[in-house]
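Protein chains: 2
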Amino acid sequence: METAETTISQISKHKGEEVIIKGWIHNLRSSGSIHFLQIRDGSGFIQAVVEKSAVDTKVFKKAEKVTIETSVILTGIAKEDKRAPSGFELAVNNLEIIQIADEYPIGKKEHGPEFLFDNRHLWLRSQKQWAIQRIRNEIINAIYLHLNDEGFIKIDSPIFTPNAAEGTSTLFDVSYLPAWKEGEKEGPHVYLAQTGQLYIEAAIFAHGKVFDFGPTFRAEKSKTRRHLTEFWMMDAEMAWHDWRDNMKVQEKLTIAIIRRVLLKCKNELVLLERDLPSLEKILEGDFPVLTHEEAVKKLHSLGSDIKERDDLGADDETILTEQFDKPIFIEKYPKEVKAFYMKRDPKDDSRVLNNDMLAPGGYGEVIGGSERETDYDKLIERMKQEKLDPKEYEWYLDLRKYGSVPHSGFGIGLERYIRWICGLKHIRETIPFPRTLNRITP
Amino acid sequence: METAETTISQISKHKGEEVIIKGWIHNLRSSGSIHFLQIRDGSGFIQAVVEKSAVDTKVFKKAEKVTIETSVILTGIAKEDKRAPSGFELAVNNLEIIQIADEYPIGKKEHGPEFLFDNRHLWLRSQKQWAIQRIRNEIINAIYLHLNDEGFIKIDSPIFTPNAAEGTSTLFDVSYLPAWKEGEKEGPHVYLAQTGQLYIEAAIFAHGKVFDFGPTFRAEKSKTRRHLTEFWMMDAEMAWHDWRDNMKVQEKLTIAIIRRVLLKCKNELVLLERDLPSLEKILEGDFPVLTHEEAVKKLHSLGSDIKERDDLGADDETILTEQFDKPIFIEKYPKEVKAFYMKRDPKDDSRVLNNDMLAPGGYGEVIGGSERETDYDKLIERMKQEKLDPKEYEWYLDLRKYGSVPHSGFGIGLERYIRWICGLKHIRETIPFPRTLNRITP
Numbered sequence: 001m002e003t004a005e006t007t008i009s010q011i012s013k014h015k016g017e018e019v020i021i022k023g024w025i026h027n028l029r030s031s032g033s034i035h036f037l038q039i040r041d042g043s044g045f046i047q048a049v050v051e052k053s054a055v056d057t058k059v060f061k062k063a064e065k066v067t068i069e070t071s072v073i074l075t076g077i078a079k080e081d082k083r084a085p086s087g088f089e090l091a092v093n094n095l096e097i098i099q100i101a102d103e104y105p106i107g108k109k110e111h112g113p114e115f116l117f118d119n120r121h122l123w124l125r126s127q128k129q130w131a132i133q134r135i136r137n138e139i140i141n142a143i144y145l146h147l148n149d150e151g152f153i154k155i156d157s158p159i160f161t162p163n164a165a166e167g168t169s170t171l172f173d174v175s176y177l178p179a180w181k182e183g184e185k186e187g188p189h190v191y192l193a194q195t196g197q198l199y200i201e202a203a204i205f206a207h208g209k210v211f212d213f214g215p216t217f218r219a220e221k222s223k224t225r226r227h228l229t230e231f232w233m234m235d236a237e238m239a240w241h242d243w244r245d246n247m248k249v250q251e252k253l254t255i256a257i258i259r260r261v262l263l264k265c266k267n268e269l270v271l272l273e274r275d276l277p278s279l280e281k282i283l284e285g286d287f288p289v290l291t292h293e294e295a296v297k298k299l300h301s302l303g304s305d306i307k308e309r310d311d312l313g314a315d316d317e318t319i320l321t322e323q324f325d326k327p328i329f330i331e332k333y334p335k336e337v338k339a340f341y342m343k344r345d346p347k348d349d350s351r352v353l354n355n356d357m358l359a360p361g362g363y364g365e366v367i368g369g370s371e372r373e374t375d376y377d378k379l380i381e382r383m384k385q386e387k388l389d390p391k392e393y394e395w396y397l398d399l400r401k402y403g404s405v406p407h408s409g410f411g412i413g414l415e416r417y418i419r420w421i422c423g424l425k426h427i428r429e430t431i432p433f434p435r436t437l438n439r440i441t442p
Numbered sequence: 001m002e003t004a005e006t007t008i009s010q011i012s013k014h015k016g017e018e019v020i021i022k023g024w025i026h027n028l029r030s031s032g033s034i035h036f037l038q039i040r041d042g043s044g045f046i047q048a049v050v051e052k053s054a055v056d057t058k059v060f061k062k063a064e065k066v067t068i069e070t071s072v073i074l075t076g077i078a079k080e081d082k083r084a085p086s087g088f089e090l091a092v093n094n095l096e097i098i099q100i101a102d103e104y105p106i107g108k109k110e111h112g113p114e115f116l117f118d119n120r121h122l123w124l125r126s127q128k129q130w131a132i133q134r135i136r137n138e139i140i141n142a143i144y145l146h147l148n149d150e151g152f153i154k155i156d157s158p159i160f161t162p163n164a165a166e167g168t169s170t171l172f173d174v175s176y177l178p179a180w181k182e183g184e185k186e187g188p189h190v191y192l193a194q195t196g197q198l199y200i201e202a203a204i205f206a207h208g209k210v211f212d213f214g215p216t217f218r219a220e221k222s223k224t225r226r227h228l229t230e231f232w233m234m235d236a237e238m239a240w241h242d243w244r245d246n247m248k249v250q251e252k253l254t255i256a257i258i259r260r261v262l263l264k265c266k267n268e269l270v271l272l273e274r275d276l277p278s279l280e281k282i283l284e285g286d287f288p289v290l291t292h293e294e295a296v297k298k299l300h301s302l303g304s305d306i307k308e309r310d311d312l313g314a315d316d317e318t319i320l321t322e323q324f325d326k327p328i329f330i331e332k333y334p335k336e337v338k339a340f341y342m343k344r345d346p347k348d349d350s351r352v353l354n355n356d357m358l359a360p361g362g363y364g365e366v367i368g369g370s371e372r373e374t375d376y377d378k379l380i381e382r383m384k385q386e387k388l389d390p391k392e393y394e395w396y397l398d399l400r401k402y403g404s405v406p407h408s409g410f411g412i413g414l415e416r417y418i419r420w421i422c423g424l425k426h427i428r429e430t431i432p433f434p435r436t437l438n439r440i441t442p
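Going down the list, the sequences are from chains A and B. Here the first sequence stands for residues 1 to 442, where the numbers follow the working numbering. Here the second sequence stands for residues 1 to 442, where the numbers follow the working numbering.
Check the hints yourself; a few may be wrong.
To be verified - One-sided and incomplete, this derived list gives chain A residues near chain B with beta-carbon spacing under 8 Å:
1. Lys22
2. Gly42
3. Phe45
4. Asp102
5. Tyr104
6. Arg125
7. Asp173
8. Lys181
9. Ala202
10. Ala239
Just so you know, these hints were derived from the structure itself, not from any lab. From a predicted model like this one, the values you see are computed outputs, not experimental measurements. Beta carbons are placed, not taken as given, at the ideal position from N, Cα and C, and that holds for glycine.
Work out the full structure, taking the sequences as your base and the hints as a guide.
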């Protein structure tokens, strides 16, 4: 029988057989007569043992030469080993070196974050960074699969936009060459979209339930643990949903995401030392709902000096969510701290039918949503208050003229979500190549 | 029993029952005593019949008042009707008007493309545009599902990049405020990425097989049927794959995509008058492979004046692919017409181990791929020829120092792919909100 090529994640299918594994030397140590090679192949990690007494002299000599990150093709027996994370160990029969790696800059000593981010292209190979990207991948998969099951259609919203839906101070400006008219030096400028929401609102009239999922851009001056200039957002929008239905959709999606991550990435969560019961708890559902007014009262009792009609600051969100073991919804914020398109509460015209979803344990806001204003005049009034020119939003206002329906939607900040699920301090580690106001490489 | 709310796509589960459908009046006609309302609810289209003799006078009067695009909630009996595309018709018992639509600007008369794109936010509701977006959605789903099955991990590549991997002439320039150093007026400029490929190459060393899928930007001056300034690309990259393996992956993915679209969107393809047998044919696989040299010879015999070492132009691709009923791979292009990172053919150092995949029937290039150069010195040589500064690519060159492996990858232009699958003349209809050098709204 020909020796089968396999991956570390599939090795249990080949118990006792000879297999071929292609990968890299993740780490190594030697006792003189035995080389212990920790092998990484993308799917997982396994220990490969090269015993002097068991292999050809040439093979053993090759094993002496390998360095950390050397690329290799190994042939060996898949031996069960209950202590190993993969449940297996590879008893090497043959070893082929593809390229001997230069001395690897990321060693065992502690490196500062700047050094690690300067070497992000290599740091991605480390076990924790590997685990984070695997979890990121499954969160993305869970979103697609769940929304697909629920009848949503993906509608890609544009990045180039002439509109400034959430204010202009944090917009990136792109000169959009060439000139459109003779005599002009350059064409019109465009902004990089900060949300696709207005665009996908247009699509609910064609498709009912829609979502987008793509990068968004914010020239965010705050250098906090929670800010990137480039990050991924998923916006969902549903016809015939009020703000309460909207929260139910968010809760159901959150449960679907956590269920899949627990199913597919338990090892990765363990690697990150994430507390599993605290994630499992969330599968129960029934996330608490507080009004903004109640949240402010609670914050006062916790020592915050938040004002009655303030937005919740990052610190407020932290101290509040440390009190809960499930995500919480905060609804009905004062209208002046939220976007113009949010529907006014019929019971209190000074507030809107919105919600933020805050993650427990101090992680803060991960979702923001609302029912959308359908009243044409109220929209115009709020636009003017926000110094937006209704002429630029004529197409959006059209949606209230041609078959307006009650509708709601929400946006998930992917990196904030990952930070929460992975239990990370800094958001920068959640994205393969982070961009901040002082980092644009590698 | 309470009347069930359902969608048009699910109505067959309620044969003979009373159901509630929420939607819009897509079209209407009346015989005086019967109103025929074509209803759209996002999931599909159905005819609703309001018969004077069968309903309350008030209900019939409401049906008289509705206009095209009016939003309604209908209650009625799901009656089987074999002639209807949905297989059903709704015999209306009750009709609730949510909003009477103003006179709808997109009427039955022919509109020019500029008018339609100016009203893209409304035009998306038309049946063909609806079908195109549904197919787009399933192509996206098929890509995620297939790559996930094959063990790929999504690695989101950054949009902001200081590098210019495919030349600078078509790059968008973003001023990245604020200044980094005292005394500077503004911070460094960044470009909007045209491909994530270099970045995802870094990730194969951590994950083996990876992909990205996001918007890319090209300040493309050519106003052709095939160009947008903002479009979506999926890049895949695989360790341990040579250029032949690479073509196999592309063929398998193409078959998976077409199989899913045929399974999920047959009605939509029929609406677009797409020739189904020509798509089914592709499921056979065995896509022909021609070398660039062979392709040039064939083009000469077809009357093209392409030069021996020219890239294939759009016209060449059209006349060549009109000759085939399956996608074709063209491999081994002259190195000077392709990017610096493509691996040189060991049998002919003047050519590279690349491929383009051209769609049959004149649609031209939809995928481009290659094995990647692993030889450090050859990479530097090609960078210099392309006037790229190796210093800016140090991180990329690192990948050849620390465990270099043979690897390959490819990129799919999503909108070109959709244009082909849907059988459309212009690429602009494939994306919800197209951006070209002279369109940035709505």
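Structure-based check of all given hints:
no. : hint   : in the structure
1   : Lys22  : holds (5 Å)
2   : Gly42  : holds (2 Å)
3   : Phe45  : violated (11 Å)
4   : Asp102 : holds (5 Å)
5   : Tyr104 : holds (6 Å)
6   : Arg125 : holds (5 Å)
7   : Asp173 : holds (6 Å)
8   : Lys181 : violated (10 Å)
9   : Ala202 : holds (4 Å)
10  : Ala239 : holds (7 Å)
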